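**Q** Heads up: the sequence lines are chains A and B, in that order.
When we follow the working numbering, the leftmost residue of the first sequence carries the number 1, and every step to the right adds one.
When we follow the working numbering, the leftmost residue of the second sequence carries the number 1001, and every step to the right adds one.
Everything hinted at is true.
Straight-line C-alpha distance at most 27 Å; calculated DSS-like pairs for lysine-lysine: (1) B/Lys1154 - A/Lys197; (2) A/Lys274 - A/Lys197; (3) A/Lys246 - B/Lys1241.
For the record, the hints were derived by calculation from the structure and aren't laboratory data.
Bear in mind the structure is a predicted one, so any value in this text is a computation, not a measurement.
The residues making up each chain are set out below.
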Amino acid sequence: MSLFDWFDNIRKAEPPMQKQQEREIADGLWNKCPACGVVVYTKDLKANQLVCTECNHHNRVDSDERINQLIDADTWQPLSEELNPVDPLGFRDRKAYSDRLQEYQKKTQLSDAAKIGTGLIDGLPIALGVMDFRFMGGSMGSVVGEKLCRIIEHATEKRFPVVIVCASGGARMQEGMFSLMQMAKISGALERHRQEKLLYIPVLTNPTMGGVSASFAMLGDIILAEPKAIIGFAGRRVIEQTIREKLPEGFQTSEYLLKHGFVDAIVPRTQLKKTLAQLISFHQPFFPILSHVDNNGEHSSVMHL
Amino acid sequence: MPKTERRTFLLDFEKPLCELEKRIEQIRELAQENEVDVSEQIVQLEARAEQLRKEIFSTLTPAQRLQLARHPRRPSTLDYIQAITDEWLELHGDRGGFDDPALVGGVARLNGRPVVMLGHQKGRDTKDNIARNFGMAFPAGYRKAIRLMEHANKFSMPILTFIDTPGAWSGVEAEKLGQSEAIAYNLRQMFSFEVPIISTVIGEGGSGGAIGIGVADRLLMFEHSVYTVASPEACAAILWKDAKKADRAAEALKITSWDLKKLGIIDEILTEPTSGAHAAPLEAAATLKQALWEHIEQLSEISPQKRKDLRYQKFRQIGVFQDSSA
Ligand SMILES: [Zn+2]
Chain A
1 MSLFDWFDNI RKAEPPMQKQ QEREIADGLW NKCPACGVVV YTKDLKANQL VCTECNHHNR
61 VDSDERINQL IDADTWQPLS EELNPVDPLG FRDRKAYSDR LQEYQKKTQL SDAAKIGTGL
121 IDGLPIALGV MDFRFMGGSM GSVVGEKLCR IIEHATEKRF PVVIVCASGG ARMQEGMFSL
181 MQMAKISGAL ERHRQEKLLY IPVLTNPTMG GVSASFAMLG DIILAEPKAI IGFAGRRVIE
241 QTIREKLPEG FQTSEYLLKH GFVDAIVPRT QLKKTLAQLI SFHQPFFPIL SHVDNNGEHS
301 SVMHL
Chain B
1001 MPKTERRTFL LDFEKPLCEL EKRIEQIREL AQENEVDVSE QIVQLEARAE QLRKEIFSTL
1061 TPAQRLQLAR HPRRPSTLDY IQAITDEWLE LHGDRGGFDD PALVGGVARL NGRPVVMLGH
1121 QKGRDTKDNI ARNFGMAFPA GYRKAIRLME HANKFSMPIL TFIDTPGAWS GVEAEKLGQS
1181 EAIAYNLRQM FSFEVPIIST VIGEGGSGGA IGIGVADRLL MFEHSVYTVA SPEACAAILW
1241 KDAKKADRAA EALKITSWDL KKLGIIDEIL TEPTSGAHAA PLEAAATLKQ ALWEHIEQLS
1301 EISPQKRKDL RYQKFRQIGV FQDSSA
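Take the sequences, apply the hints, and build the full model.
**A** Written out as structure tokens, the structure is:
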């Protein structure tokens, strides 16, 4: 054994404190906040809906977790889980799209980047679509488009409000024009829902960009956003290249959109379920004769179930 | 962006043809000077040139078609409007404080029938292009467009839109004024109109900026136009991490009229003059006029509600996936 090997072994045998902490973070016991750097107990973080208890940073939430956070226990009924993406163009960049799809499906256990279904939110029925950023950056191709259309159409038929939680880098380039056309397709489904005077609330989370932002994300009767989400049409790098100057502070954040009039309210995740339920109850049919019978507001939900 | 000025308008693949044409002209002049009869040879050479022209333009790669679609001499929205209408009056403004010169529109008469026409407007030369922002509209452009479409719907005029943009403008001001919201609103509203809507890609159909005026009962495309989810340059930069792979991206994205017809995205290809629409703009305009008129007549026979339903169905069925429950 050379001196160097010996020295290496010593180092391996005695990991410094920092290393050990990183390993425990990797094991999922502890979590280091990417915003403030504070290490918190994962259990506490989960109990706080993945919002940093120190700095209020909103960590990314996957679709299953989001559904758990929003939908009343045991009321979730998933729809169209059997839809799978295909490779309509035989697309290949540095890797074949079909291989990429398989990799992501294996890695995430998702079929594609959105889940849809119905459930109750504080006792009120809703149709819910949730995008999942883990699957190819939440990009929108044919499956995402089809699923969101189906849930909107289902809601139109059942007269449910629609909530879509957006998290997407934009259109999925690997499906070419099929992806672009999903923007129109979903907007068309929303127009039909709207014709029936039904409520639609998109929730914009980090990030909501490109083709998603320029279609159903901006078509809400009421538009909510999580704090400090990045929301925009063009990516920051693209804009920096076109204008060749630094971007303004806080550009394309939820707060920026609120200031310029493009979202109705910024809602911390821990308040999201309550706020959605409250908004939906505001838009329940109002029956003046019955309204004094029961002043805790429950009559409307009972009648709708 | 095409940086070419008037003198250097020749695209690479047009060069051999241009050479041959130049040579024919030289022979003709020489023969005249020396009083030799070469008419037979000239006829042969011209036939050869015609064949070469057909060969070149029928075997263009997607990247070359993209060059044609961006050709600075390619007829623009205003060129076509002026060429095909009996009369036309441009209308301005989004009624929100802006008038975007990159997206133009107004009322017109086509074969006697009042219609609303609108589209992206690229510039003729550098100066004009700067004024028109290279056909990249601001939110104000999309808002002017929807305002004109609402006008058309109110007065039962068919809506004819012309798509020719590298994309909606990506800049701080555009974000601040709600580029996403402006496009999204148009996408939804266009499904609500009761009048016939026909969109034609006349040059470059770039991404959200194109579809923002492209929800239609009929989607037509000039032969050498392209329509794409993202510019091949942007796609190459993101997926290949190398903007120089744009030619490959253009190939992979399936952006040509033939590809999109095959994929069921567009309804009809408008044949261009052999050397492209820029070589014979009036011929291209006549083709466009005839196609638009035929579609207006067809669509006029359908009831407004049915037309709306069919428009939704048309987009509703676009998408390819596997449904293992079926
Ligand atoms: Zn933190």
